[in-house]
Amino acid sequence: MHLLLVEDDARVADFVAKGLREAGHSVDHIADGRDGLYAAAAESYDAIILDRMLPHVDGLTIVQTMRAAGNKVPVLILSALGEIDDRVEGLRKGGDDYLSKPFAMSELLARVEALGRRAAPLAERKNLSIGDIDIDLDARRVRKGGVPVDLTPREFRILEYLARNNGRVVTRTMLLEAVWDYRFDPQTNIVDQHVSRLRSKIAEAGGLPSPIETVRGAGYMIRLPER
Amino acid sequence: MKRAHLFDSLTFRVTLAYLLFLAAAVALLLAGGWWFGVQAPLGRMERLVAREAREIAILYHASGPEAAVRRLELRRQDPLPTMAFHALIERDGSVVSANLPSWPAVRRDGWQRFEADLYRDGDEDDHEALSRDMLLADGRRLIVGRDIEAIADRQELIEEGALWGSLAVLLLGLSGGLVLSRTIGRRLDRVARMARTVMAGDLGGRIETSGTNDDFDRLSRTLNLMLDRIEELVASVSRVSDSIAHELRTPLTRLRADLDTLVRETGGDRERMLAARAVAEAEALQRTFDSLLRIARLETGRHAPAGEAVALDALLLDAVELYEPEAAARAQTITLAAEPGLSVRGDRNLLFQAAANLLDNAVKFTPHGGGIEVRASGAAGAAMLSVRDSGPGVAAEHWPRLSERFYRAPGSEAVSGTGLGLSLVGAVARAHNAVLGFAADASGFEVRLTFPAASREISST
Numbered sequence: 001m002h003l004l005l006v007e008d009d010a011r012v013a014d015f016v017a018k019g020l021r022e023a024g025h026s027v028d029h030i031a032d033g034r035d036g037l038y039a040a041a042a043e044s045y046d047a048i049i050l051d052r053m054l055p056h057v058d059g060l061t062i063v064q065t066m067r068a069a070g071n072k073v074p075v076l077i078l079s080a081l082g083e084i085d086d087r088v089e090g091l092r093k094g095g096d097d098y099l100s101k102p103f104a105m106s107e108l109l110a111r112v113e114a115l116g117r118r119a120a121p122l123a124e125r126k127n128l129s130i131g132d133i134d135i136d137l138d139a140r141r142v143r144k145g146g147v148p149v150d151l152t153p154r155e156f157r158i159l160e161y162l163a164r165n166n167g168r169v170v171t172r173t174m175l176l177e178a179v180w181d182y183r184f185d186p187q188t189n190i191v192d193q194h195v196s197r198l199r200s201k202i203a204e205a206g207g208l209p210s211p212i213e214t215v216r217g218a219g220y221m222i223r224l225p226e227r
Numbered sequence: 001m002k003r004a005h006l007f008d009s010l011t012f013r014v015t016l017a018y019l020l021f022l023a024a025a026v027a028l029l030l031a032g033g034w035w036f037g038v039q040a041p042l043g044r045m046e047r048l049v050a051r052e053a054r055e056i057a058i059l060y061h062a063s064g065p066e067a068a069v070r071r072l073e074l075r076r077q078d079p080l081p082t083m084a085f086h087a088l089i090e091r092d093g094s095v096v097s098a099n100l101p102s103w104p105a106v107r108r109d110g111w112q113r114f115e116a117d118l119y120r121d122g123d124e125d126d127h128e129a130l131s132r133d134m135l136l137a138d139g140r141r142l143i144v145g146r147d148i149e150a151i152a153d154r155q156e157l158i159e160e161g162a163l164w165g166s167l168a169v170l171l172l173g174l175s176g177g178l179v180l181s182r183t184i185g186r187r188l189d190r191v192a193r194m195a196r197t198v199m200a201g202d203l204g205g206r207i208e209t210s211g212t213n214d215d216f217d218r219l220s221r222t223l224n225l226m227l228d229r230i231e232e233l234v235a236s237v238s239r240v241s242d243s244i245a246h247e248l249r250t251p252l253t254r255l256r257a258d259l260d261t262l263v264r265e266t267g268g269d270r271e272r273m274l275a276a277r278a279v280a281e282a283e284a285l286q287r288t289f290d291s292l293l294r295i296a297r298l299e300t301g302r303h304a305p306a307g308e309a310v311a312l313d314a315l316l317l318d319a320v321e322l323y324e325p326e327a328a329a330r331a332q333t334i335t336l337a338a339e340p341g342l343s344v345r346g347d348r349n350l351l352f353q354a355a356a357n358l359l360d361n362a363v364k365f366t367p368h369g370g371g372i373e374v375r376a377s378g379a380a381g382a383a384m385l386s387v388r389d390s391g392p393g394v395a396a397e398h399w400p401r402l403s404e405r406f407y408r409a410p411g412s413e414a415v416s417g418t419g420l421g422l423s424l425v426g427a428v429a430r431a432h433n434a435v436l437g438f439a440a441d442a443s444g445f446e447v448r449l450t451f452p453a454a455s456r457e458i459s460s461t
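Protein chains in written order, with this note's numbering: chain A, 1 to 227; chain B, 1 to 461.
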């Protein structure tokens, strides 16, 4: 992906740019808000990573200006303000995702890649068939090798989210945000328990072993061929 | 708030007291008028008539009837101080001499007052006679009097004045009190309304002034200045916490970045392990500090809870579902008993966070195989949310400190935690006007959040 990074802190910017390049993306880095706004308007990017507090023009103003001009490039806002209100404000002003500092590179990478995917959305589908798993999105039922798997609504949503992001890492916070309808800070790694339950239910259905991989230090991933 | 009763109003009571004083003053005035206008002149007239009657009676007895009649005729022609009346009547009722149009048929001792209207050229002339009625030694009857029409008129005037005056005073006083207490009550209500708005977390509220520079305007301006000062202080606290957020997060971000790089690029397993541990530590540091900021924001009222109705049963169902796998991993069972239809006005995310923190504690402190009960019940508009566990609980003497930041009850050191979970619950509770409480018995320990009926409607008029 061709990415724009607007971040004024040199060390953070270096680290982010390096991590993104290692993951195979091309990155333009700009340290100033005004220049960032020009760059966003001048060139076409797959996604933009925008620090919220920038010299001259702040990140939220850049997003607002871009959206007002009809620019729909997905934007991830990076911010040292991590409260729920700040996040809501960031998303309302046109951000597509919001990540508060400090963050792990794996988290940023997973989110940027999910954003790039959002720019080219899957057509509304009724079924997802990956590997030997069939997910009926309408009836909210899952079969593995033809055998029905009895999942709770929450487990279904976890599986659906992982399957929709087939081939990409999904972090625990991404799962938490996508699958639970509340903004909260879980005290423990509560998501892991849900995923491990889902895994064992899928494994019980027989057939191939559970496709949900744990990506060390990052999150989870399903990597299955689509049928 | 309940509409205040009229008699609860100080202004109204003060007005009533004032009305009482006013009525006393008016009564005094009328009594003075009565005394000087009626009582005293009447007394003077009585003394005059008594003297005249006595003189004429003496003259009658001493000098004979003719002299007395002459004296009476003479007296009639001198209308000073007021018109003189008399009547000398024979024993059989025939008139010897009289200028009275009529008189009472039966004689009575003492003072008499009767109409003595005169008709002159067809005109009626109103008069009232104050008279003495005497029986003379020869059996004749002598009536001697003077006109007191002027005094009688005054008396009537004062009597009528007193009647209408007291009615008017009562009416004006009551309506005045009503208007006064309404007016002052409205101004006071403005102040009270604003105070409630501010208490609900909106520090930007100010009391309207009417622009007349009256005492209430001056009071309002003083209170507004106080609110300005409070807002300024809170804003500066917020600015500090914002800059803490920024100033600490930026170095933490760099630290994370460097440690991340170290984890990925270092050769040795041991170095990688140490770096990963450092990353975990930095994460824990950040979480602690995020929680602290969040509590601080809630407590300064800056994070005023959104006023949506949050259904407690659905919220608790989600929270229980969230912790169910965690509890199952410890062979614990969570039971949920939530009355349907209960809702609380507030912020669903914060309320969910509070429920999650309570469940997290319950799961952590309940031994393997224990039980956790989550309940929501309501009465009279109030709602109670409780989480009960079969763990060892906390001794009652430590309860008051449980929601203090970083406080960990003795005996809980072995369980991981920051000591901020219940503090956040406490802050969420306060932001919702709810009360955080504890209960314990032999079978377990219970944490309760009691939402008052008012939390369904934080501001009221």
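None of these hints come from the bench; they were simulated from the model.
Careful: at least some of the hints might be erroneous.
Some, not all, of what chain B presents toward chain A, calculated at C-beta under 7 Å [as the list claims (entries may be wrong)]:
hint, residue
1, Glu149
2, Asp153
3, Arg239
4, Ser241
5, Ser243
6, Leu252
7, Ala257
8, Ala280
9, Ala284
10, Gln286
11, Phe289
12, Leu292
13, Asp313
14, Glu326
Glycine included, C-beta positions come from ideal geometry on N, C-alpha and C.
Here is what the structure says about each hint:
Of the supplied interface hints, the one on B:Glu149 is violated, with its beta-carbon coming no nearer than about 89 Å to a beta-carbon of chain A, more than 7 Å. Hint status for B:Asp153: violated, given a least beta-carbon distance of 83 Å to chain A, over 7 Å. With a cut of 7 Å, the hint placing B:Arg239 at the interface with chain A is violated, because the nearest CB-to-CB distance is about 13 Å. For the restraint placing B:Ser241 at the interface with chain A, the shortest Cβ-Cβ distance is roughly 10 Å, beyond the 7 Å limit, so the hint is violated.
Of the supplied interface hints, the one on B:Ser243 is violated, with its beta-carbon coming no nearer than about 10 Å to a beta-carbon of chain A, more than 7 Å. Taken as an interface hint, B:Leu252 checks out: its beta carbon lies about 4 Å from the nearest beta carbon of chain A, inside 7 Å. Of the supplied interface hints, the one on B:Ala257 holds, with its beta-carbon coming within about 4 Å of a beta-carbon of chain A, less than 7 Å. Because the beta carbon of B:Ala280 sits about 10 Å from the nearest beta carbon in chain A, more than 7 Å, this interface hint is broken.
Contact between B:Ala284 and chain A, as hinted, is not supported at the beta carbon level, the nearest pair being about 12 Å apart and thus beyond 7 Å. Hint status for B:Gln286: holds, given a least beta-carbon distance of 6 Å to chain A, under 7 Å. Residue-level restraint check for B:Phe289 is violated (minimum Cβ-Cβ distance to chain A is 10 Å; threshold 7 Å). With a least beta-carbon distance of about 12 Å to chain A, the hint placing B:Leu292 at the interface is violated under the 7 Å criterion.
Taking 7 Å as the C-beta cut-off, the interface hint given for B:Asp313 is violated, the closest approach to chain A being about 15 Å. At about 5 Å, the closest approach between the beta carbon of B:Glu326 and any beta carbon in chain A falls short of 7 Å, and the interface hint on this residue holds.
Consistency with the previously given hints fails for numbers 1, 2, 3, 4, 5, 8, 9, 11, 12 and 13, ordered from lowest to highest.
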